[in-house]
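Here is how the chains run, residue by residue.
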Amino acid sequence: MLYRLLKFVIISRFSKQLLIVFGVLLVYALFLSSASSSSSSTVYHYYGPVLLTVFFVLPIASGGIAVLKSDRDFLFTLPLKRSDLAFSLFVVQFLSFGLFIIYGFAYSFSYLKPVFPFAVIDFIGIMLTVTALGPLTYSLKSSWRTLLALVFAIWSLSAFLKFPFSPSSIYVGYPLYAATTSIVLAVITVPLAFRSLSRVDLDMMKAFTRYSSREVKRVRRFSGMTPLMAIFAENFFVVEVSGRMNAMGAGGSYRSGRFRLSRGILVTAVLAVAYYFIFTIKVTPKSAEVALLVISIYSLIFVMFLSMGVLGNERLWLGFMSRSPTDYLRDLMLAKSLSFVALFLPLALSNFLLALKGDEMAFTFGLTLLVIMPSLLVMVVYASAFLNPLQIKEELLMPGQFNLRQLATMIPILPVLFILALVFGAIESNLVTDAIIISVLTAVIMAGTAFWLITSRRVGEKVIEKLVAAGFI
Amino acid sequence: MERSLVPPSIELKNVSKSYGPIQALKELSFRLEPGERCALLGPNGAGKTTTLKILVGLLRPDKGEARIGDLEPTSEEARRMLGYLPDDASPYRTLSVRENMEYIGALRGVPDVSDKVDKLLDSLMLREYEKAKVGRLSRGNLQKLSLALSIIHDPTAILLDEPLNYLDIPTQEIVIEQLKKLDSTQLVSTHIMEVATRLTNKVIMISRGSVIWIGSLADLKKMGSEGEPIESVVSRMLTDVV
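Listed in order, the protein sequences are those of chains C and W.
Letter by letter, the first sequence follows residues 8 to 480 of my numbering.
Letter by letter, the second sequence follows residues 925 to 1166 of my numbering.
With beta-carbon atoms standing in for the labels, derived distance ranges:
{"hint": "1", "chain 1": "W", "residue 1": "S942", "chain 2": "C", "residue 2": "M236", "range": "37 to 47 Å"}
{"hint": "2", "chain 1": "C", "residue 1": "F425", "chain 2": "W", "residue 2": "M1049", "range": "55 to 65 Å"}
{"hint": "3", "chain 1": "C", "residue 1": "G455", "chain 2": "W", "residue 2": "G1064", "range": "45 to 55 Å"}
{"hint": "4", "chain 1": "W", "residue 1": "Y943", "chain 2": "C", "residue 2": "S436", "range": "52 to 62 Å"}
{"hint": "5", "chain 1": "C", "residue 1": "G455", "chain 2": "W", "residue 2": "D1011", "range": "32 to 42 Å"}
{"hint": "6", "chain 1": "C", "residue 1": "L157", "chain 2": "W", "residue 2": "R1051", "range": "35 to 45 Å"}
{"hint": "7", "chain 1": "W", "residue 1": "I1098", "chain 2": "C", "residue 2": "V223", "range": "24 to 34 Å"}
These are calculated hints, taken from the structure and not from any lab test.
Please read these numbers as outputs of a predicted model, since none were measured by experiment.
C-beta atoms are modelled at their ideal positions from N, C-alpha and C, and glycine is treated no differently.
Construct the complete structure from the given sequences, taking the supplied hints into account.
This is the structure:
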């Protein structure tokens, strides 16, 4: 029975093609981690803790759990052994979250070659813990999830301060402590996650009740606005971060959160000032590497979160029907991408200021934030519309099966990753001018592509056709 | 640009539409005269929703043409006249009830949006949910809000897909009254004959993407034997075709 349930739960959440790709990637990652020669590059010293922080924060922040609406309506009402159900759902969580850690960290194994056995133990513990965090935090209030995410982030980044009892301290010379910490963490979190998954139907109802009892504190008014002003009021001045938040960019439950652009700019402005002063005091190639790493990883993740709700939360019968659908789409995308630009403008400006003061590499970071990332947002939204359009009709649930097309929507990221890697290499090789030229060319190409996508009536019509055919209301 | 306040005709001429290998509509033709109220009946998969989507300009026919008055449904002028309520309509989930209404009102260029919203909140008994996020609403209240959003701009051509779904009986009566008050041409897609008889006086029956019968409700009733429920007549007609 367990085997049949497990098979059903996996197949209903992941397409067979995707599972095959998962398998191939897994073999490749394992091969890479075991076959690569030992490296002493200090890049991994930063790469590990930063990426691990992302993996800890994502499942907590999202409270992601791979449960479908049909599970709630049918599967949970069946007379199944709760332990079987919990195990099956845990495996699914692992496929959504845990596997990605292998892909993410395989590249740092060359750095960990001298402590390979500890690295394996450490990563098993981390994988199990990250898999457990979604079910554990699913029914918690947002404030508790934020607090917990913050604690895990600080804990993970504490490795930079040489704190030994952190899962990421393996990157700073504490393999034994790191492995022990990870295993202890897994021993605590996994049983709790099983307990949570065995009563997932009850916890879900608790989360639903809390979610659905919300009233807006202050009603926003659109009265007296022109259509364009209304679109900008809704899509420029309010930032919506949403999506099926997990490490694969899809597969878990869907949530969305909104904040006012002015508040977001306040936060990025504070970060920008701190960033500027830190780099004014000390600009070294190492600090440039860290900056590039942090900026690229976190802004890429932010792009993903911004992109998922742009069309998924839209309503064809409302906004798109109020005027020419292609005009509405154009103005919507314009508002969303300009909102992104405004949000990251302070950080971009601080980079440009640093460039003026002599840190030429900072110019590429500024360009990445101001031009490349907003253009990427547009490209990912259009790629999703063509490859895998999915409308969000109900939150806190997984909106559909996770398939290969969802991975394909990430294709526009590849040139960005390629460029970032080139820039990284240029920094290490002191080829600053080359890196700047590459960045400028990328920015021009991507901005041009994004502009064409937004303004082309033909593309707009095709997108709308795709959405209608995909069953968008 | 000012929109016409006179109800337009609604017309499909030899419209065909396919989704890949599946042909949803085959040479479909019908016409609603200005001010006429008509029910669109048909079994599951008959092509009713596709028909409505073509008429509101969300889908383009592969062949044939759709007209709202003399206009293409995709034109700005036609959009000003059109009001559309899809089946299982879902407003913007992240906005409150009032925000949804004001946002769509502003997009539609409705003058005095705030007043209009107040009137609709009261007439559809949504006042107490004004600040509620859409996620909080029951299915019935969601349907009331959706209906309000589809008529907020006083459309003169209204296309409704199962408009009374999820509504309790008192609300159904309110909605029926509201719709009857609107000076408009109306096409109502439904499976429920009671809805058709309350909201319309003409029937277009389609099956497998083609019209199989057009006539008045009175004519439809006459086709049955004495005492035979109208549902039974419709069922017989649809089954004969299938």
